[in-house]
Every structure is written in structure tokens, then in C-alpha cells.
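A.B. asks: One line per chain: the protein sequences are Z and U, in this order. For the first sequence, position 186 (counting from the first letter as 1) is numbered 186 according to my numbering, and the numbering increases by one without interruption. For the second sequence, position 158 (counting from the first letter as 1) is numbered 158 according to my numbering, and the numbering increases by one without interruption.
FYI, nobody ran anything at the bench for these hints, they're computed from the structure. Keep in mind that the hints are not guaranteed to be accurate.
[What the hints assert, rightly or not] On the chain Z side, residues computed to face chain U include the following (Cβ under 7 Å):
(1) Leu16
(2) Ala29
(3) Gly36
(4) Lys40
(5) Glu41
(6) Val42
(7) Ser46
(8) Asp50
(9) Pro74
(10) His76
(11) Ala116
(12) Arg117
(13) Ala187
(14) Gly203
[What the hints assert, rightly or not] Think about it this way: if two alpha-carbon atoms lie no more than 16 Å apart in a straight line, the pair counts; the simulated EDC-like pairs of lysine to aspartate or glutamate are:
(15) U/Lys143 x U/Asp126
(16) U/Lys107 x Z/Asp185
(17) Z/Lys107 x U/Asp185
(18) U/Lys143 x U/Asp125
(19) U/Lys34 x U/Asp223
(20) U/Lys143 x U/Asp82
[Unchecked claim] Cβ pair distances, simulated, as ranges:
(21) Z/Ala23 x U/Thr176: 50 to 60 Å
(22) Z/Ala229 x U/Asp48: 19 to 29 Å
(23) Z/Ser62 x U/Asn216: 32 to 42 Å
Backbone N, C-alpha and C define an ideal beta-carbon position, used for all residues, glycine too.
There are 2 protein chains.
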Amino acid sequence: MTNPTAAMLVIGDEILSGRTRDANMHYLAGELAKIGIDLKEVRVISDDPDAIVAAVQALSQSFDTVFTSGGIGPTHDDITADCVARAFDTHIDIRDDARAILAAHYKKAGTELNTARLRMARIPDDAALIENPVSAAPGFSIKNVHVMAGVPAVFQAMVASILPTLTGGAPLLSQTLRINRGEGDIAGPLGALAQDFPGLSIGSYPFQKNGVYGANIVIRGTDGTQVDAAMMQLAGLFPE
Amino acid sequence: MTNPTAAMLVIGDEILSGRTRDANMHYLAGELAKIGIDLKEVRVISDDPDAIVAAVQALSQSFDTVFTSGGIGPTHDDITADCVARAFDTHIDIRDDARAILAAHYKKAGTELNTARLRMARIPDDAALIENPVSAAPGFSIKNVHVMAGVPAVFQAMVASILPTLTGGAPLLSQTLRINRGEGDIAGPLGALAQDFPGLSIGSYPFQKNGVYGANIVIRGTDGTQVDAAMMQLAGLFPE
Chain Z
1 MTNPTAAMLV IGDEILSGRT RDANMHYLAG ELAKIGIDLK EVRVISDDPD
51 AIVAAVQALS QSFDTVFTSG GIGPTHDDIT ADCVARAFDT HIDIRDDARA
101 ILAAHYKKAG TELNTARLRM ARIPDDAALI ENPVSAAPGF SIKNVHVMAG
151 VPAVFQAMVA SILPTLTGGA PLLSQTLRIN RGEGDIAGPL GALAQDFPGL
201 SIGSYPFQKN GVYGANIVIR GTDGTQVDAA MMQLAGLFPE
Chain U
1 MTNPTAAMLV IGDEILSGRT RDANMHYLAG ELAKIGIDLK EVRVISDDPD
51 AIVAAVQALS QSFDTVFTSG GIGPTHDDIT ADCVARAFDT HIDIRDDARA
101 ILAAHYKKAG TELNTARLRM ARIPDDAALI ENPVSAAPGF SIKNVHVMAG
151 VPAVFQAMVA SILPTLTGGA PLLSQTLRIN RGEGDIAGPL GALAQDFPGL
201 SIGSYPFQKN GVYGANIVIR GTDGTQVDAA MMQLAGLFPE
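Okay, chain Z solo, but in the shape it has when bound:
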């Protein structure tokens, strides 16, 4: 039995220009691992309508679930909602349910619900709204694509409300052993270990600190007994 798969689409010139370091990818990856959904690909693309449409279509066809982040605010560069509608050839306009959420929120704050803010009520037909407990403006889910904000606090809140609606698989378990020897010394036995445990993923992540070469060996899998057995064998191969 294999786990459901997921992809993430990060929409943002600010990351590709080197200005901002993405934080949402790392967060989502960790959350998905916990519930047994395998994050298989992340794409970061620029604020370009054709690129967004093509990526949404490609990822939506290739993976069970797609998460997008960024581009659903009130400013001119927030074009994600319209692009997702185009990707699915769906009509999009200001929707009453989203407008009501914004109206209530801005009334309470004593802020005008102006034309710009109303842009955030543009939701494709048939999409389900994703709650935003931080700043009200909703995300939405259409087909297998969940469209969420890029601001980390909002992104995380939206992920929290989406994840319980998804069917996960076996959570990915992982154990790490740090070995203070060069990868070249451990590669042979490690490869043999990987062959002994074909159901596990055994990764070697080298590091170099203060002139010392070493590697973190990470054993991942959904079968805890197998992970334990492989880790025991690994520790026996390279006693400290």
C-alpha cells in the first residue's frame, strides 16, 4: 500500500529574486510527513499567469493533492485565484459567501471593504472556502488543489484546517544516526544495508564541520519495526 502523494506550488517573485527565504515549504513538508502524505515535488514559480496556469494543471494531474501558497491578497500582483480558475476553465467572480466573511471582519475592525479588499472575495464557482482565522480573507479548494496565502501565519492556519479533511496514509517514521566518518568510508556497508531493507529509504547527508567530515544517516519508512531493525544494524556497522 502506498501513501497518497502531494505537490506544493509556491508562487512568488520574492523568493526567486532572492529577497525572501521561503518558510512554508519546510512547514508543509513536516506536517504532511506526520499524516502519511508523501510530498513528492515543490515548484517555485514567478508571478506569471501562464506559468501559474501550466503548473497548476501539471501538478494537479500528477499528484493526489496540490497545495499552493501566495498571491491571494488584494494587490495587483495577487493573481493566483484567477489563474487557478483559468487552469480549471472555471468561472470566477466575487462570491457572496466570501464577501460576507470579509464584510463582517472589516465591519468589526472599522475598516472600509473597498474595491481592493473585495478582490479577496474572488473565488471560482464550485470551490470550497478555506477558513482564515488570522486575517479573514479565505483560501479555497477546487478539485484537488488547495489555494492558500503566502504569509506564514495565515498559510499555517489554513494548512491546519485542510489537513483533517485529507485521507493520509502511514506516517513517515525517521531515525537519524550521525557518523563522524567521511561518506566514502561508509558508502559500501551503507549501500548493502539499503539493499537489505528495500522498503526503507536510507539517505546519507554529508557535512563538514571544523575540518571533520561526517554524515547524518537518515532511515525513513512507514514500518516502525523495519526502521528499528535497520537502525540497529546500522549502529552495529559503525560503533562509535
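We have chain Z; now place chain U onto it with these hints.
C.D. replies: Frame of chain Z, contents of chain U only:
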């Protein structure tokens, strides 16, 4: 005149599993912006041969230059070199020039050049070696794809030796203005400003700190006079 384009391919289960936070994307993005190469897409994919081959082919066809990171070490999970060779239907084996580099390095270190380490001399025919001043094992360039290590210190050293060989364009200039007002208040005038300067990218990146809503407005472009003019106009729209 448009700038050359680039894409990056990050190969690594360790990022998709949430274990490690990628550092190379942010570094490369910043370096490319300086020399006027537009980073258009980053893909993070797992250590899966078919996925790597497909991504190398797709990105190599769509962009002027492609940079890969990860998967060129001596362990069983280092499969990038073989996958890149497969993507270009090119023969790959241990190459004498790469072997000589490793032999010299390990001789000096008093370390055996064993079978595992020799894997790092597997280089596709016709590829040019990329120097690795940190730990010797070379990267390589084939067609428009530069294959580099994932360890940040090595990745950065390889980028430093590749960039001078590339033809850049006009460096991307950028100025930022922090505005302590909600995006909904600034969106209207900001959209009009973006229309006044079609040659620039004007992005709004909202934040929320201690209950205060604001946005960093980033004006990017290759024409410094235009960037200055737009920033002046922006500052006039939202005086502190």
C-alpha cells in the same frame, strides 16, 4: 532586451520530508539576480530516477541554464550523475580526469580511493568538470545543465566557478519601502503605480507584527532610473 533565464533543480528527499531546510535556493537566487540572470523556476524533487530524468529534460528545454544541487556523492542514494546522463542519452562511466583529481586529493589526505569514492568520478562523456575547491569531487556541466553538490559550502564554491562563464544581462535592481498600513488600503494606488511603470515589477509582501498590518513594497527592474522614479512616486503616495 530580456535577460537570460535559469531554473534550479533541487534533488533531495531530505527537503521534501521536512528534515532539512534548503539553503541553496536562496543563495543561488541572490547570486543570479546580481548578474542579470532571471531565475524563473525552482523544482524540488525526490531521489527518484524517473522524476530526475523528466525534470532535467523539461527544465533544460524551457530555460537557458539549469543548475542542479544534490546527489553527487559516493553513497547509494547519489544517483544524479547517472540520471543526468540518461536525460541526455549520454554514456557515463568513471572518467580519467575526474579520477586523477580524486586520486591526488585522497593521496594527500592519506585516504584510500575506494570503490565508493570512485563513484564520484562517474562523469558523462562530453561533460566539462566543475572545480570543487572544498572537497575535490567535481561537479560537471553538460549542455546547459550544471550539476553541483548539495552541501552548501561546496554548492557555493561551484556556483562561484560557474557564474563567470555565463553571459548575464542587466542586474536586477530592487528597492523596498515598508508601509505600515494594511494591503487593502494601499492596493488601489499601488495598482495604478504598477500601470504607470509597465517595465518594472512591483510586488507587495504583507506582514503582520504585534497586531500591526503592513506591507513591504518591492520595486524591481533593470533600469535604475525607472526604479528610482517609481520609488519616488511611491514614497509620495504614502508619506509616513
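A.B. asks: Provide an ascending list of the numbers of those earlier hints which the structure does not satisfy.
C.D. replies: 3, 8 and 21
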